[in-house]
Amino acid sequence: MTSPIIEARKLYKSFGKVQANRDISFSVNGGELLCLFGENGAGKSTISACLTGLYPPDSGEILFKGKPLRMKSPAEAIRQGIGLVHQHFVLVPDFTVLENIVIGSEKSLVVQYEEAEKKLRHICANYGIEIDPNTLVRDLSVGEKQWAELLKALYFDADVLILDEPTATLDIENSKKLFRMIDKLKADGIALILISHFLDEVMQADRVAVLRHGAVVGIKRTAETTPEELTRMMVGRDLEPKLRDNSEVGEPRLVLENVTVEGSDQLLALNDVSMTIHHGEILGIAGVAGNGQNPLMEVISGIRTLASGRIILDGINIGGMNARKVKDMGLGHIPDDRFVAGLVPEMSIEENLILGDHRGLYADGALIDFGKMRLSAERAIKEFQISAPSSETPTGNLSGGNAQRVILAREIMLATKVLLANQPTRGLDVGVIEYIHKRLLEKRAQGVAVLIASSELEDLMNLCDRIGVLFQGRLMGIVDAQDTSLEEIGLLMAGQPLEVAA
Amino acid sequence: MIEIVPRKSTGWHTQVAAYLVALVLGFATSALLIKAGGASVAEGFGALYEGAFGSWEAVLQSLVAATPLIFTGLATVIAFRAEIWSIGQEGQMFAGAMCGYWVSLYLGGAPLLLAVPIIIFAAMIGGAFLGGFCGWLKTQFQVNEIISTVMLNYVIIYLLSYLLAGGPWTEEGSTSYHQTPVLADNFHLPLLVDGVKLHLGFILALVAAAICWVILKKTPLGFEIRALGFNPTALRFKGVNVTRTVLVVMGLSGALSAMAGVSEIFGVNYRLRGDVMVGLGFTGIIVGMIGGLNPIGAVIAALLFGALANGSLYMSVLSDIPPSLVPAMQGILLLFFLSASVLVRYSIRIKRFTHV
Amino acid sequence: MFELLSPEILMSIMIAAVGVATVILLAAMGELITERSGIWNMGVEGTMLSGCLIAYLVMVGTGSPVMAALVAMIAGLVSGLLIGFMTITLRVDHFVTGLGFNLLASGLTLFWFRSYVGGGKPPSYSTIDKSAIPGLADIPVLGPILFDQHLLTYIAFLSVPFIAFFLRRTTLGLETRAAGENPQFLEAKGLSVSNRQYSALLVGSALTALGGAFLMLAFADQFRPDISGGRGWLAIVAVIAGNWKPVRTMIAVMVFAVFDSVAVHAQGVGVDVPYQFFLMLPYVASILLLVMIRSRLGQPAKLGVPYLRH
Numbered sequence: 001m002t003s004p005i006i007e008a009r010k011l012y013k014s015f016g017k018v019q020a021n022r023d024i025s026f027s028v029n030g031g032e033l034l035c036l037f038g039e040n041g042a043g044k045s046t047i048s049a050c051l052t053g054l055y056p057p058d059s060g061e062i063l064f065k066g067k068p069l070r071m072k073s074p075a076e077a078i079r080q081g082i083g084l085v086h087q088h089f090v091l092v093p094d095f096t097v098l099e100n101i102v103i104g105s106e107k108s109l110v111v112q113y114e115e116a117e118k119k120l121r122h123i124c125a126n127y128g129i130e131i132d133p134n135t136l137v138r139d140l141s142v143g144e145k146q147w148a149e150l151l152k153a154l155y156f157d158a159d160v161l162i163l164d165e166p167t168a169t170l171d172i173e174n175s176k177k178l179f180r181m182i183d184k185l186k187a188d189g190i191a192l193i194l195i196s197h198f199l200d201e202v203m204q205a206d207r208v209a210v211l212r213h214g215a216v217v218g219i220k221r222t223a224e225t226t227p228e229e230l231t232r233m234m235v236g237r238d239l240e241p242k243l244r245d246n247s248e249v250g251e252p253r254l255v256l257e258n259v260t261v262e263g264s265d266q267l268l269a270l271n272d273v274s275m276t277i278h279h280g281e282i283l284g285i286a287g288v289a290g291n292g293q294n295p296l297m298e299v300i301s302g303i304r305t306l307a308s309g310r311i312i313l314d315g316i317n318i319g320g321m322n323a324r325k326v327k328d329m330g331l332g333h334i335p336d337d338r339f340v341a342g343l344v345p346e347m348s349i350e351e352n353l354i355l356g357d358h359r360g361l362y363a364d365g366a367l368i369d370f371g372k373m374r375l376s377a378e379r380a381i382k383e384f385q386i387s388a389p390s391s392e393t394p395t396g397n398l399s400g401g402n403a404q405r406v407i408l409a410r411e412i413m414l415a416t417k418v419l420l421a422n423q424p425t426r427g428l429d430v431g432v433i434e435y436i437h438k439r440l441l442e443k444r445a446q447g448v449a450v451l452i453a454s455s456e457l458e459d460l461m462n463l464c465d466r467i468g469v470l471f472q473g474r475l476m477g478i479v480d481a482q483d484t485s486l487e488e489i490g491l492l493m494a495g496q497p498l499e500v501a502a
Numbered sequence: 001m002i003e004i005v006p007r008k009s010t011g012w013h014t015q016v017a018a019y020l021v022a023l024v025l026g027f028a029t030s031a032l033l034i035k036a037g038g039a040s041v042a043e044g045f046g047a048l049y050e051g052a053f054g055s056w057e058a059v060l061q062s063l064v065a066a067t068p069l070i071f072t073g074l075a076t077v078i079a080f081r082a083e084i085w086s087i088g089q090e091g092q093m094f095a096g097a098m099c100g101y102w103v104s105l106y107l108g109g110a111p112l113l114l115a116v117p118i119i120i121f122a123a124m125i126g127g128a129f130l131g132g133f134c135g136w137l138k139t140q141f142q143v144n145e146i147i148s149t150v151m152l153n154y155v156i157i158y159l160l161s162y163l164l165a166g167g168p169w170t171e172e173g174s175t176s177y178h179q180t181p182v183l184a185d186n187f188h189l190p191l192l193v194d195g196v197k198l199h200l201g202f203i204l205a206l207v208a209a210a211i212c213w214v215i216l217k218k219t220p221l222g223f224e225i226r227a228l229g230f231n232p233t234a235l236r237f238k239g240v241n242v243t244r245t246v247l248v249v250m251g252l253s254g255a256l257s258a259m260a261g262v263s264e265i266f267g268v269n270y271r272l273r274g275d276v277m278v279g280l281g282f283t284g285i286i287v288g289m290i291g292g293l294n295p296i297g298a299v300i301a302a303l304l305f306g307a308l309a310n311g312s313l314y315m316s317v318l319s320d321i322p323p324s325l326v327p328a329m330q331g332i333l334l335l336f337f338l339s340a341s342v343l344v345r346y347s348i349r350i351k352r353f354t355h356v
Numbered sequence: 001m002f003e004l005l006s007p008e009i010l011m012s013i014m015i016a017a018v019g020v021a022t023v024i025l026l027a028a029m030g031e032l033i034t035e036r037s038g039i040w041n042m043g044v045e046g047t048m049l050s051g052c053l054i055a056y057l058v059m060v061g062t063g064s065p066v067m068a069a070l071v072a073m074i075a076g077l078v079s080g081l082l083i084g085f086m087t088i089t090l091r092v093d094h095f096v097t098g099l100g101f102n103l104l105a106s107g108l109t110l111f112w113f114r115s116y117v118g119g120g121k122p123p124s125y126s127t128i129d130k131s132a133i134p135g136l137a138d139i140p141v142l143g144p145i146l147f148d149q150h151l152l153t154y155i156a157f158l159s160v161p162f163i164a165f166f167l168r169r170t171t172l173g174l175e176t177r178a179a180g181e182n183p184q185f186l187e188a189k190g191l192s193v194s195n196r197q198y199s200a201l202l203v204g205s206a207l208t209a210l211g212g213a214f215l216m217l218a219f220a221d222q223f224r225p226d227i228s229g230g231r232g233w234l235a236i237v238a239v240i241a242g243n244w245k246p247v248r249t250m251i252a253v254m255v256f257a258v259f260d261s262v263a264v265h266a267q268g269v270g271v272d273v274p275y276q277f278f279l280m281l282p283y284v285a286s287i288l289l290l291v292m293i294r295s296r297l298g299q300p301a302k303l304g305v306p307y308l309r310h
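Residue numbers (my numbering), protein chains in the order written: chain A, 1 to 502; chain B, 1 to 356; chain C, 1 to 310.
Treat the hints as calculated values from the structure; they're not laboratory data.
Mixed in with the good hints, there may be bad ones.
Covered stretches of chain B (in silico footprint by chain C; criterion: 3 or more residues with CB under 8 Å from a CB of chain C, positions within the stretch not fixed) [claimed, not checked]: (1) 49-61; (2) 137-148; (3) 154-162.
Note that CB positions come from ideal geometry on N, CA and C, so glycine has one too.
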């Protein structure tokens, strides 16, 4: 049994009053894949930051190849041989792949590319990565950007590789490719740490350390445990049973006919998309973000211009209507970027709740009806269980989950006919996710047509009546949630169309 | 290494304390400036105070000096709150004065009660149009408003120069003075007091401040202005017509600056000149920023700066210090106030953690 | 007005344009570097004005143009340090800081100048001579325009390809660009974003102040309040119009410089269109240029965004 390449002993780290990591201890051997498993906010990213020199732990030790290691900066971690593949790509789009990797370790005045290029091509060949090092990152696909990010770490001869949620932006094909690469890295003796909250990925690791509220709840060999046990360890309780309502759907409510939306650079953001959502139906859009989900949501809600095609809501043509009119017709829209598109972080909860209705419902003559605003806010806080000091708290001070509750409160009240939800559960913990699912199903029961885009396939399978897949702006097909399988959806996500069943 | 970390909340005590410290530091630095110039600080500040507050006349005169600053300060507040960085106060002020004067050329012997409101109205239209034009350039062509307003400032100045230096508005026989003939009595803004030229403009300025306060705090427009300054994307997603808000803000700001022009030409100087109002627009920016982008704060800052401007004349007579100390002081005070407003929202920590 | 189109006048316009362009070009190149690092320095006008005053004072005091230029550059460094402290360390909004700095510089230079002059007449000096390149300066038409200029003009125009090379092929240049495009990139490599931004800002401010010094030494014989006359702003516009690329920025600068030169010549020649309308030309041109050139693709992604570590 070889000694572990990297080991964490009793790590503690806090930020102000928040204890992000408590008594963290684990080890990883060479050629082994350990998964750090936990829901959002459990402390996984903090551990990774400590291990890669971004900031030092408050107390505890990090042992690298048996010797204690105190790193003062990420540069030192890279030098030692600890590589990090970031969750959100840390690349400069205007630079080539080569420049992205080489900058920072170059000691000379003018960049010397020849040596670096040779080494990089060698690594690419070794791991089956097909990228030309001289391509601009801007011109790479999302999957290729992930390989570029990976190459950054591999280039510096890492002995330890930490992969932070690497498949969050990858489709099923590329995710499989990534795990094949991980197998090769294991065979080369590298110690790998995978940070993830996806169950199917966890089970592919050798061992898993489950984190909850900043502490390690347990470390198990995946061969000796089950997904259910891991989930229970992660959440601390049994999850509520999935309550999908299988009642019949009604008449068509929201109809899209040959909808096309222009994008940047001559590409179409949405290309000839047609679909129908019925009364009391939840239609899910699967697929990695960036394939047209945002343009779809934005064109329906009237924020983006419809280039051609028709959008009909309850018989009325809403294509071309501005967003306020569409909203007034009974459409609610939960955008994917909470603090940028959904809320004004500097404004209070009550002010955010009247955003969009400040001239209509909440106006009293020339002034704002502050009494109504306050009452509305108090009711919303109670009903949606928003945890905040008061209704005057700026939404920027709220946690992601509470901020989402504020947006929910506002949009659910508006959505009497249609509710659009774009990645509504992203980055949230299980408790909030359950709550959001519950409210969406309530809307369904009320006869509202719900359109939800999500990259968490499991959520879609449990919530939706039908699931469609967008790939590069085209609708690849719509399948029945009960009859389909992950493989079928995977094929659609990879660009293989089915017979379109709108 | 110095690191700036956000504070969770700031009591108003801290804010007031910070601003007082900024004020003190600002004056202290100005004192250093005076010393460096070889003059006596006590003499200088003493004369400044005398000139600003030394007598009842002085106080009223300070209010007169503050009047245009209140207007341009408010213009700044309205625009900057929406994070629309309009630097056109100077040009819009002149444009307002010019429009007012142009209209007065057609108002012949009209009674004051008719003439003055028309002049004010015309001036506000002129300023609003100029501001709105820059707003249009911003929304239609993504032309940065800082640039368009600054550039148009120069255009207006040159236009005025043409009109006054031998052009159609020049007074007969005084081409070198760059001024129009004296305005008839029916165009003068009524005086509030005898002896000192405290005119109607001062009351109008306070009224304007009150209106701006109500707009920002209590109306849907003010809500949009504030939200626009914080996060235009969220507004867009809610179908708010951001273009219209930008145009309204720029128009309002322009109209306010124009009132500063009316105030100086029709309330104090009684003729349109190229040199009397110079700098009041830019000072208004300082006033607005030091006032915390708040209408009430702007009034207080304007009163302070009006006092400084008024006192500086006395100071330059009594000591060797040139009146241009005051613009310098204004700039210094501004930088200290900016630093204070940042430091109040953040706390400073010294970290030992190093980067290359 | 068409007297302006006579060959002699046109030559004169072009020769003067290249000279005026030097002032704006130095500032524009400086601002280009600064903005590529992510700092949107609106205080260019104030920095240039400071350079003007310092150059004037040193020139009058020592009679040495070289000293004047050098000390002016130091004034530029001080300006850059102040602006940098506010924008990089204190993370005050870039626009507000720059505007505030302009106001400060305007006030301080006015005060300093008036204190210095006291009640009397401001001292003056003779402007510096051009340095013609022997042989090349005799080429018809192009010779006088391109090769019979001041030394600093040659340096300014040669700096354009140099800066282009710096930004595209040198380590420091790429790192500086990374600060403006994706600061997290530098942080993940353990490199300091603020160091690079400070450097860019200091270099940029020094160049701008040098432009101001040149304005004084070559075109004026004494200081006047607000002598920079908006040329700092034109430099900022030139960078935007040039899509943040050195050569295109230089072209935009030339456009402004030609208009500026036309305006000066119109005053001298005595045209029947009032000269003030010619003086407006550069400013109107800048707005038109921005309206026509809609592409902002070259704008650094994080330009103007104060950077917060982790």
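Checked hints:
For the region 49-61 of chain B, the proposed coverage by chain C is not satisfied: 0 residues have a C-beta within less than 8 Å of a C-beta in that chain, short of the threshold of three. Coverage of the region 137-148 of chain B by chain C holds [criterion: at least 3 residues with CB-CB distance below 8 Å; count 8]. Given as covered by chain C, the region 154-162 of chain B passes the check, having 6 residues with a CB less than 8 Å from a CB of that chain where 3 are the minimum.
Hint 1 from the list above is the single one not met by this structure.
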